[in-house]
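Asker: Protein chains in written order, with the numbering used here: chain A, 1 to 247; chain B, 248 to 884; chain C, 885 to 1121.
Careful: at least some of the hints might be erroneous.
Claimed, not checked - Think about it this way: if two alpha-carbon atoms lie no more than 27 angstroms apart in a straight line, the pair counts; the simulated DSS-like pairs of lysine-lysine are:
hint, chain 1, residue 1, chain 2, residue 2
1, B, K431, A, K204
2, B, K740, A, K11
3, C, K890, C, K1030
4, C, K1015, A, K244
5, B, K431, A, K147
6, B, K735, A, K49
7, C, K1015, C, K1030
8, A, K105, C, K1030
9, C, K975, A, K204
10, A, K105, C, K956
11, C, K1015, A, K204
12, A, K244, C, K890
13, B, K714, B, K278
Derived by calculation from the structure, the hints in this document are not laboratory data.
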Amino acid sequence: MNFTLNVWRQKNANDQGRFETYQAKNISPEASFLEMLDVVNNELEAEGKEPIAFDHDCREGICGACGMMISGRAHGPRAATTTCQLYMRNFQDGETLTLEPWRAKAFPLVRDLVVDRSAFDRIIQAGGFISVNTGNAADANALPVPKDNAELAMDAAACIGCGACVAACKNASAMLFVSAKVSHLALLPQGDAERVRRTLNMVKTMDEAGFGNCSNTGACEAECPKSISISNIARLNREYARAKLLS
Amino acid sequence: MELKSNCPGGPIEKRWEDYKFHMKLVNPANKRKYTIIVVGTGLAGASAAATLGELGYNVLSFCYQDSPRRAHSIAAQGGINAAKNYQNDGDSAYRLFYDTVKGGEWRARESNVYRLAEISVNIIDQCAAQGVPFAREYGGLLANRSFGGALVSRTFYARGQTGQQLLLGAYQAMMRQVTAGKVKVFSRHEMLDLVVADGAARGIVTRDMVSGKIERFAGDAVLLCTGGYGNLYYLSTNAKGCNVTSIWRAYKHGACMANPCYTQIHPTCIPVSGDYQSKLTLMSESLRNDGRVWVPKTAGDKRAANEIPDAERDYYLERKYPTYGNLAPRDIASRAAKEQCDAGRGVGPGGKGVYLDFRDALKAQGQKKLEEKYKELFEMYHNITNEDGYKQPMRIYPAVHYTMGGLWVDYNLMSSVPGCFVLGEANFSDHGANRLGASALMQGLADGYFIIPYTLGHYLASSKHPKVDANHAAFKDAEDAVTGKLKKLLAIKGKRTVDSFHKELGLLMWEHCGMARTEKSLTELLQKIPALREEFWKNLNVPGSDADLNQALERAGRVADFLEFGELTARDALERKESCGGHFRVEYQTEEGECKRDDDNFCHVAAWEYKGEDQKPVRNVEPLEFKYVELGVRSYK
Amino acid sequence: MSSILKKFLMALTGLALVGFLIAHLGGNLYLFLGRDHFDGYAKKLEEMGPLLILAEIVLAGLFLTHLFMALKLTGENQTARGAQGYADNSKNQSTPASRWMWITGLFVMMFLVVHIKMFKFGEREKPITAKGEEIIKAFNGEEAAKQFARESGEHGSLYGLVQKEFKRPAVVGFYVVLMLVLGAHLSHGIASAFQSLGVLRPGWLQCLKPWCVALAWLIALGFALLPVCTFFGIGIN
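Modelling step: build the complete structure from the supplied sequences, incorporating the hints.
Answerer: As structure tokens, then:
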């Protein structure tokens, strides 16, 4: 298969940035999207040109490092899939693909398709944890957790922090990410003691990081590679109201 | 060099407890005077950073990813073992200890393994308290499942994402310490050298991968938690960034490298589909519970799988291992698959694959039942290969998955360089020659949460090393060496790309030092690697500069180290004239083709000591004693 | 104020305005019962005096809060998205209604100005002409004629005004189009408000959302029906 790639190239945060066109030739339909980029990069490197920079690591859809806008879709056209788990057979031979980095004020561009998502770390630092020092724990079975709650918590905890929700949202809102962590911890009895503080602090940090407001368009849910539901956002809103009333 | 394991004596159940009591403690007020450098943020690194922060130490944490949450521990699927005996099925710390020593073919220290088994129960408590959403029963209590190599149900899990959930738990605990001001995270920082000054590890030199800046960090101890070196083989189930650089740098400063030849090859991976392949994907071993493994009886049979009648199929695992059949352990199943493919009976592109067929299970149980058990795996297989595992057999092939070898450490997890501790997969300590399923997560967390806090304190309290800051000459030397090497890589301006060298090295390793090794293949390899290395330094082309984000340069540095490390691995494999676990020497096998250990001559740890650029490394030996688990034979007939 | 509090305000004011719309639509349906009923209803409302003014102030407050928050949120959201947009923005996985809330909102505001000017401050038809007054005077005496003239002169006939305006094709077209815009606004707005208030539990999301959308279009089509029926004389003559 052959593809024409329009790729956003930008040397660093201060550079202007522009689209450049590359040809990906003789790509196997069995190759993954990132392997297709490897082939293009390998050719660039052989010519002494700098390869297209993109974040990636595990290449099995769980680390959350990879991610880019592929012709207007976060992580490409396939639902519930990370960029690394996207295969070229999902595209038409001869197709032109536009590759852009996640765009959001809170995700400053680092280079080409690489952005700085450390705002997510700061949000977790604000309260995305349960305060239990090592050694403090009681027996794991001392505190039963209803199975349904454990399952809902796991649904939310599946978030890989890739930032597709922010990238896909017209407002660059991080509510899906924040709500997933708040939900995960609020649904478990272990997380109950810090529920109020956690919710208030995480939302505050989210706002300060420069993410937009949620307008419930649902684009985040549609693009989330782990299918995290926006019902978590409703839960965050409820948790927030509760926290405001209790604090 | 004499390798002192510092293992305590006495009854095995009491050893760790007694040892803990006799260790020196650091006064709480003094802890904040110490700076600890932790490299890597996987299960071992994150749990260590969090716990040391909680204790009051100042922790500097480094990772090459953009966030500590992305370390490759996150990709572990199956679960984590713990001797909780919640199922009342006869489990105990002793049984977990026994299974682990046996599973590792008697090539691990009894004291270490017992401690691991003992601590396993605390790990589950800690993780549950952190909010790790483990699978639960309707009564709200924790669920367990069974896993390979054990007759009890002791594996705790969070769907197919146990590694992710445990890592996020440790990451969150670490982020809490960031807020508390005790941990400082340096992401997108790659450690490029260890600094040893006045006889102890005192810091590291890193490269800021965004700005290209080379920085010095001084501390009172350095913890290397940088994972395994499976990417030596280019294709593995490891993340693309996994590398040997940090432990290789430590090796060059005097830390011994133990048993690098022990490589775990996992039998149920999705086969390679072409030369563009960048990594291999693992599918849970649990598939072998219902799938039957076979190849066509005739070599070169090109018919579609479903057109081959039963009489012309060879269900070779069932034939060779009637008792365990398709459930034969990882190393055995892997070797058997290779044997079939080498004989030309492999299926799929390039003949590198065997069938894993669910036809009979579908007939007996129906698709619905199978979907309940394996829906996600079938979907993943379908997504990657575009083949429907319900309609035609899956194709699988073994792939490099885990490395049992690593830096040699004593009972305190300290390498042969004082003050340089090694945790998790990066060390060699607990799995012997073969690791059992669901034990890697257990070891990483045991090291970070429950062992290092004690042993590090003991080191600091008893160490007489004066404070050293980053202006010390050793830092300058290390920085110069790092800068020099980067400049050198950029200056070659040859014709070949980094990946082409890495792929060639990987293939060499796989062919000569993969699932089966011979004296001949290893001797050849020992000639081919230096030649390839020489070409690398003459004909490599790294575009760009070292003053900004340069992913080609990052890869080049890692491959340069793999090119040296591969040689040591081959050397280790050549010297270990026996077969055990992840190291199969064709010359040393039983009549049935199984591993033939040589306990008289090789019941020891081989720890390689660096002697200089053009010197042969020295093979030091730490003898292993087995008082509790008698040396025996691992049989799965 | 945190982003979630702002959204709470949007949701609460929005839902209150939806409540008003439902009541307003209910009142307007008197049109189908004829001139007397409709004018009677209008008269009753107008006789509330200060209460009506109070209600109008509250409504204006709700509307202005909704408008102000919308402008603020939209501004913040555009800043958050950053200066550099996506080159390919055609495949966003959300409904156009949800993406264009601020545009539809602005159209609804524009409509409101026209609507209030047309019907609140519009010149109402007097039910009686000078000639008619003479006739009443001849039959019922001067007093009766004066009283009739006073009453109808004070209030005029709103029904008549509606009849007059809704016979103009341009007005009918304008109303129908703007009601469709309102429908689009509400089709996202109502469900979104419940989501913002955290009402949508996992199971409810699926159940509640279609009802919210249905309500939105019911309101919009209900309002659009009035000019159409008046124009064609279907049920309203």
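Asker: Each hint needs a verdict: does it hold in this structure or not?
Answerer: Status of each hint after checking the structure:
no., hint, result
1, B:K431 to A:K204, "22 angstroms, holds"
2, B:K740 to A:K11, "21 angstroms, holds"
3, C:K890 to C:K1030, "55 angstroms, violated"
4, C:K1015 to A:K244, "68 angstroms, violated"
5, B:K431 to A:K147, "37 angstroms, violated"
6, B:K735 to A:K49, "18 angstroms, holds"
7, C:K1015 to C:K1030, "13 angstroms, holds"
8, A:K105 to C:K1030, "71 angstroms, violated"
9, C:K975 to A:K204, "31 angstroms, violated"
10, A:K105 to C:K956, "17 angstroms, holds"
11, C:K1015 to A:K204, "72 angstroms, violated"
12, A:K244 to C:K890, "13 angstroms, holds"
13, B:K714 to B:K278, "14 angstroms, holds"
In terms of the numbered hints stated before, the structure departs from hints 3, 4, 5, 8, 9 and 11, listed from lowest to highest.
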